Amino acid sequence: MTSPISMAGTRTARYRYMTWVWRAVAIAFAALTIFPVYWMVQSAFEPNSDITSLTPNFFPVHFTFHNFVDAVNHTAGVGTAYFLDDARNSVIVVTSATAITLVFGFLAAAAVSRFRLRGASGFLVLILVVQMVPGTALIIPIFLMLDNLHLTDNYFGLILVYAASTLPFTVWALRGFVRGVPIELEEAAMVDGATRFGAFRRILLPLVLPGVISAGVFAFITSWNDFLAADVIMQQNNHQTLPVWLYSFTTNTGTDYGGLMAGCTIMALPVVIFFLLVQRRLVSGLTAGAVKG
Amino acid sequence: MVAPTVPDLAPARTGRPILGAPSYGRRNPRSSWRRALRRQLLPLLFLLPSVGLISFLTLYPLGRLIATSFQNLGAFQLVQHKVVWDGLANYRTIFASGGGLGTSILQTALFVLAGVSLTMAIGTGVALLLGRIGKVLRTVVTVCMLFAWAMPTSAAAIVWTWLFQQEYGVVNSMLTSLGLNFSNHNWFGSEIGAYSIIVANIVWGAVPFVSLMMYSALTLVPRDLYEAAAVDGASAAITFRKVTLPIVRPIFVLMTVLSIIWDANVFNQVWYLTQGNAQLLNVVPLGVWQYIEAFSSTQYGLGAAVAVIMILLLVAVTGYYIRLMVRTGQIKVEAKA
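Chains A and B, in that order, give the protein sequences.
In this text, residue positions in the first sequence follow our numbering: the first is 1, and each later residue adds one.
In this text, residue positions in the second sequence follow our numbering: the first is 1001, and each later residue adds one.
Simulated from the structure, these hints should not be mistaken for laboratory data.
Treat each hint with caution, since some may be false.
Covered stretches of chain B (in silico footprint by chain A; criterion: 3 or more residues with CB under 8 Å from a CB of chain A, positions within the stretch not fixed) [to be verified]:
#1 1269-1283
#2 1309-1321
Now the in silico label distances, taken between C-beta atoms and shown as ranges [to be verified]:
#3 Leu1178(B) with Asp153(A): 45 to 53 Å
#4 Leu207(A) with Arg1035(B): 25 to 33 Å
#5 Thr1176(B) with Val21(A): 23 to 31 Å
#6 Gln1077(B) with Arg201(A): 47 to 55 Å
#7 Arg1249(B) with Phe58(A): 38 to 46 Å
#8 Leu207(A) with Gly1063(B): 34 to 42 Å
#9 Leu1110(B) with Val72(A): 37 to 45 Å
The structure displayed is predicted, hence computed values, not measured ones.
Heads up, the beta-carbon is just placed ideally off N, CA and C, and yes, glycines get one too.
Please model the entire structure based on the sequences and the hints provided.
In structure tokens:
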């Protein structure tokens, strides 16, 4: 029989020992998680001679920006560099789609959570069902339809596709944020003579703005990421977006990994920074919506 | 990449007065339909753009997809604007032996099974881990995960091709320096190698989201429940099963459903990691297969039929979980609007 004191002692020792195990596991996991991102940036700043050496450096010893110049001027074997065109297309298409989805999504979220509207439940069921339909499966009819309307190879078609594909989630997320704002604030404004629309614009919108920004970043990332729709709908090389540009880069020059990693860094960096800025709210917003309902 | 969430479906109904719907008294029986219409007009106008966009670019395409799957639609018919109804021909082609359906379903199932179980196991494990380490280390792990989460799938997949590159890839050189013979090992030379890397890439991209969500859910478990369990002498395993699990289960089910949907639709990772050689490597889950049929072989009808099968399978699998969520009250659908 061990005395209570020594028992407590072993328990603490065991607890301490486990704490160190957990710390070690956490550090190993963090290293594994960040490594691909680190390696991308590392390779992007290394000269090709270092990249194609059999013993890789873990830091860019001969730091260079040359790969970025290479990536931007890369001609994909067709004589013209498309990077700047495609980057511009990406920015235009993704920004417009995000703007559309936010405006539409905010209006819909206000409609279902601020009015006693017939069919609100129906609309929410529709949103839920639509969310379950995989976008990958719809690309064939969307292409056929846009082709009929002569909207292929056209910004407008792609913008609409991205807006539609991010809208269901935006409505869900914004609805959660709108419900978090007490309706009494708007009522007070209306008592003071604001119109209903004025109350939305001056009271509700500023209060849910953080939520709008989070939903916007989500929509932005989703569209920024897409390969399939851009590849199918936009046909000419200088009408494509960055994911498609990146793909042509891989298939045409399998060996220029420095340039390729620079291209990946250019594509990923704005998104990562954006994301880090708003992540806290995004995670808490998502959980709040999912748990509380 | 990130989550469509599935909270409850009930419109705000908190007993508070709602704009445009006075809560006092019964509705005036003499109020005309016009007044009712006017009351509904503004919210209807607000809903219209969303309903319009979704009808135009999701519902209509869904109908058209089903129609197309019964047509013989190739490049020729597309240019000629001809509609050639073909009955079940596309489905017959797919179901015929050697049509590839069996392989493709098997491969999709494999991605879902391996991807979802690994993602959920690691994600839950990391969430529990986050609760066991100090604040500083937790922040470090979270930031690392955020970087991985934010990486666009296309860029991430290409970075992985570089990590696992045959001659100069860092993974081969690291494994070799550990004394294993991996120099010049071609990871994409075999089906199984390509599979492992694609699954690893999917899991790497999905774990951050799942663990952060699961960790948020875990923080919702009230401390005193743990204390009460400890006072009652419950073991760690019992505490987890009886206290933690019931509270985090809704999020767990939700994450599982989302992971199933994502992994069943996997496209980017396969396409970029195989660098367009998906067919050559015989890695053709349904999402990739329908794309190849439709846009590489310009057999839109055949591709559409594959997509229809894909949707049906997905509905069958997720339907079970969605029913579960409705039953456990995570989704509340009110019968009356």
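Check: Lying within 45 to 53 Å: is that true of the beta-carbon distance leucine 1178(B) to aspartate 153(A)?
Finding: Holds, since leucine 1178(B) and aspartate 153(A) (Cβ atoms, about 50 Å apart) stay within the stated range.
Item checked: Per-stretch coverage check for the segment 1309-1321 of chain B, three Cβ contacts closer than 8 Å to chain A -> holds (count 5)
Notebook entry, point to check: Is 25 to 33 Å a correct range for the gap between the Cβ atoms of leucine 207(A) and arginine 1035(B)?
Noted result: With a Cβ separation near 30 Å, leucine 207(A) and arginine 1035(B) satisfy 25 to 33 Å, so the hint holds.
Notebook entry, point to check: At the C-beta level, are leucine 1110(B) and valine 72(A) separated by a distance inside 37 to 45 Å?
Noted result: holds (39 Å)
Next item on the list: Determine whether the Cβ-Cβ distance between threonine 1176(B) and valine 21(A) falls within the hinted range of 23 to 31 Å.
Entry: holds (29 Å)
Notebook entry, point to check: Using the C-beta atoms of glutamine 1077(B) and arginine 201(A), is the stated range 47 to 55 Å upheld?
Noted result: holds (50 Å)
Next item on the list: Go check the segment 1269-1283 of chain B versus chain A for me, would you? Three or more residues, Cβ under 8 Å, otherwise it fails.
Entry: holds (count 4)
Next item on the list: Just tell me: holds or violated, for the beta carbon distance of leucine 207(A) and glycine 1063(B) against 34 to 42 Å?
Entry: holds (39 Å)
Notebook entry, point to check: Is it true that arginine 1249(B) and phenylalanine 58(A) lie within 38 to 46 Å of each other by Cβ?
Noted result: holds (42 Å)
Of the numbered hints given earlier, the model fails none.
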